[in-house]
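Produce the entire structure from the sequences given, and follow the hints as far as they go.
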Amino acid sequence: MVTFTLNGIVHSLDVPDDTPLLWVIRDELKLKGTKFGCGMGLCGACTVHLNGQAIRSCITPVATINGQRLMTIEGLGTPEQPHPLQKAWVQHSVPQCGYCQSGQLMSASALLAANPHPTEAQIREAMSGNVCRCGTYPRILKAIQTVTNAMTGEEETL
Amino acid sequence: MRRLSSKTAKTVREPNRQGGVGANVAHDSAVSHVTGRALYVDDLPLLPGLLHLAVGGSPLPHGRLRALDLDAVRSAPGVVRVLTCQDIPGHRDVGPVFPGDPLLVEDRFESVGQALFAVVATSYEAAHRALKQAQIDIDPLPAILDIETALAQQAFVRPSHQQLRGNPDAAIEGATHQLEGEVKVLGQEHFYLEGQVSQANPQEDGGMMIYASTQHPSEVQKLVAEMLALPIHRVQVETRRLGGGFGGKETQAAPVACLAALAAHLTGRPVRYRMSRRDDMIMTGKRHAFLNRWRVGFNAQGVIQGTDITLAAKCGLSPDLSDAIVDRAMFHAGNAYYLGEARVTGHRCKTHTVSNTAFRGFGGPQGMLAAEDMIEHIARHLGEDTLTIRMRNLYTPGGRQTTHYGQTVEDFVLRDLMNRLQDSADYWARREACHTYNQQGGLFRKGLAMTPVMFGISFTAKHLNQAGALVHIYTDGSIHLNHGGTEMGQGLFIKVAQVVAEAFQVDLARVAVSATRTDKVPNTSATAASAGSDLNGMAALNACQTLKLRLIEFACQHFSVTPDEVAFESNHVRVGADRFPFADFVQLAYLNRISLSATGFYQTPFIGYDREKGQGHPFFYYAHGAAVSEVLVDTMTGEYRVLRTDILHDVGDSLNPAIDIGQIEGGFVQGLGWLTTEELRWDERGHLMADSPATYKIPTLGDIPTDFRVAILQDAPNREPTIYRSKAVGEPPFMLAFSVWAALRDAIASLTDYRYSPPLHPPATPERVWQALDAARRWKP
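Residue numbers (the working numbering), protein chains in the order written: chain A, 1 to 158; chain B, 1001 to 1781.
In case anyone wonders, no lab produced these hints; they're calculated from the structure.
Values in this document were obtained by computation on a predicted structure and should not be read as measured data.
Glycine residues also receive a C-beta, built at the ideal position from the N, C-alpha and C atoms.
Treat the hints with care, as some may be off.
[Said to hold, decoys possible] Interface residues of chain A toward chain B, partial, derived using beta-carbon atoms under 10 Å:
| no. | residue |
| --- | --- |
| 1 | 13 |
| 2 | 38 |
| 3 | 40 |
| 4 | 76 |
| 5 | 87 |
| 6 | 95 |
| 7 | 99 |
| 8 | 110 |
| 9 | 125 |
| 10 | 131 |
| 11 | 135 |
| 12 | 138 |
What follows is the structure in structure tokens.
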């Protein structure tokens, strides 16, 4: 039995310890926003937050998250109440096929939570584990910068 | 009546409507994409009794099956059924155009990973575990694994083809200068983030409902029907969206759907087949590797007089789409340059590897590589800047305006575009700065290059240039749109919705687009050849025009007015002096029994290619673009960075600049991967070594140019009557990445004072750049 908090809700599940977290999220908890890309932790499509940090759920055995706090794209924001990054993503027309974008957003939001004012080099570094075959990178960069600039703007007005 | 012709449409656009043609509106699924609500095939609910499928592939590149013992597979935990070719009730060959693609091998296999059998089990893991229990007994046969061997053995999947103008041998010999060369380029793995996947649900009438990630639902429908020996009307296919296609799901999604359908047919249960990433990389076709050889004669100014170009493609085990792909490579072997008296020959080499297939550009990029390699050599030979030689060889009105396949170039936007880009990118000042930097010596060298793209738009198989659409208006004034194109991220759905909103002069929010379905619009072409919005946009507009004519006729009868007194404007319909909200007018038409549903159809005009003669007019028009890239190369290690890229691209009058610029950026990045980091390697036993993202490097955010400036050419409507005078944008930007490859060569050539063009066979990995640097250092004038 493994127990964890996902998007603010406590779940206790009876699944084999070595089940990849991705399949627990998708098949047991029916949250389909987190995607399977490569199954090796190398493309970033399955990125979720574990205690606020971006991790690859496809290579994370579910037993290792016992008692911890998880968040998926469904917890980041909703169409009615989007996270600032989700808003910026739409504003900059980032998604093309969209398949990698929940992973991109989870990596970007973890970055900004840890470092609200990353340099461009830090953004490039932090986002380099998330592959986008449509090549939306220039817009991902702009969208993140839009949010960090807005955050700077807020501070300046305080 | 105000008739919306494609010429006048933009001038009647009104500011109090939202989201018509030309508006920067986001992808229709943007909010769903960013909130994780956009559903792909593998996100469909797991139906009760759903089975999963996995495929057992051949372990060697070529051989015969002596025995296939699957008893242990059958008795493995969770296994419900094992499939071999004997279980197929209808066609066993699922080749899309030509035969050669057995769904499951009967006797002889011709590639590592070719499907021998399939396992259907209660879980994905059980199906994959059971595969390992198979006892496969084989007789190996000699395998052809590379282009050179196939050429030597004259092993081809389709006959060679030639385009000839004049007497190229005499023209080359008679020219002031002659050069010859060879450039090889590797293929490319599609690496769509959503792998191949299909689900088949058996129906009560013995038919099949397929949910597929495919660019070609109609072909999946036809092949599944033939494989199950059913009439086509018993099989329906739905495709809501793809998590990337890029050509990889044009033909090669069909076997995935066929296997799922076969399993569903035999078990009576829904079956999902999602390939693992490794299986996907090993078992599905890729961009063709090419070996290009060229010989050119040119005058003292570097102007080409005669050329002889041979293109040889690694097609793999079967024809798939290779005939058309090599044809397109041949059409583009001159890129934007007049080849003089020319011979272009294309070979479709058979190799015992996976069958290569469509990939953004469809052979065009590989063909263009020959032209660009040739131009670079001419420039270095004469000691001229590569841009100077490129400009001198562009198609020009007058004597040098017909392609080697006989199409007269009528649209000369490229020269002006390149001139504008030279100015906006400050090419010549930066050229001087590069020289100054490089003259300082030191370990680092800078390179700069501008390359053009001239890409022909139309399917070169004429019959594919057709499309259908279906438009309904409901009684509340909302509009439903369906067409034959698939949405794979390119923004097709939103663009065609904008066309419909424009036609009725209503807000875009009134128009909803639904999943592509074979029972809504039949007999469609693949969404490919960059032609999605050209074809489906026109078909949708045709349906709208039918509906508008009906509504106008109704208004004339009902209100005793003449057609010119009826107009669609700002979410209203004006009838004489009255103005009705669109929904009210539609309701009135409904009450008066007017049909509010129409189909639309389109066939591209003015095209045709006589393949026997190798001459004709295969393309409706050309799309253009150019890019300038600057790189910094470490001459000790071969490592480099792209410092800056400037792009100016021709999309005609854009239907949606936000979407189009996204396609340009993304196409460039994908081309950058093909030309720099993505190295598809097989070992000497025919096994793919680059079978995961651990060994196959596609670009990430860290790899894009440090300074990246993308613009679309303004005030350049398409000369041809395309949908609202726009141009196709899917494929052409891919080839803008040649500017990076050329800039790397420029940096390397600086070691020879720009007098030698070292071989740099793409992908220009640091290792290959280092080898080119080494060749440059050893070069003696």
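Here's how the hints hold up against the structure:
1. 13: 16 Å, violated
2. 38: 4 Å, holds
3. 40: Status holds, d = 6 Å.
4. 76: Check passed: Cβ of residue 76/A comes within 8 Å of chain B, closer than 10 Å.
5. 87: Holds: closest Cβ of chain B sits about 8 Å from residue 87/A, inside 10 Å.
6. 95: 4 Å, holds
7. 99: 3 Å, holds
8. 110: 15 Å, violated
9. 125: Cβ of residue 125/A sits 7 Å from chain B, so the hint holds.
10. 131: Because about 6 Å separates residue 131/A from the closest Cβ in chain B, which is inside the 10 Å limit, the hint holds.
11. 135: Holds: closest Cβ of chain B sits about 3 Å from residue 135/A, inside 10 Å.
12. 138: Result: holds, 5 Å to nearest chain B Cβ.
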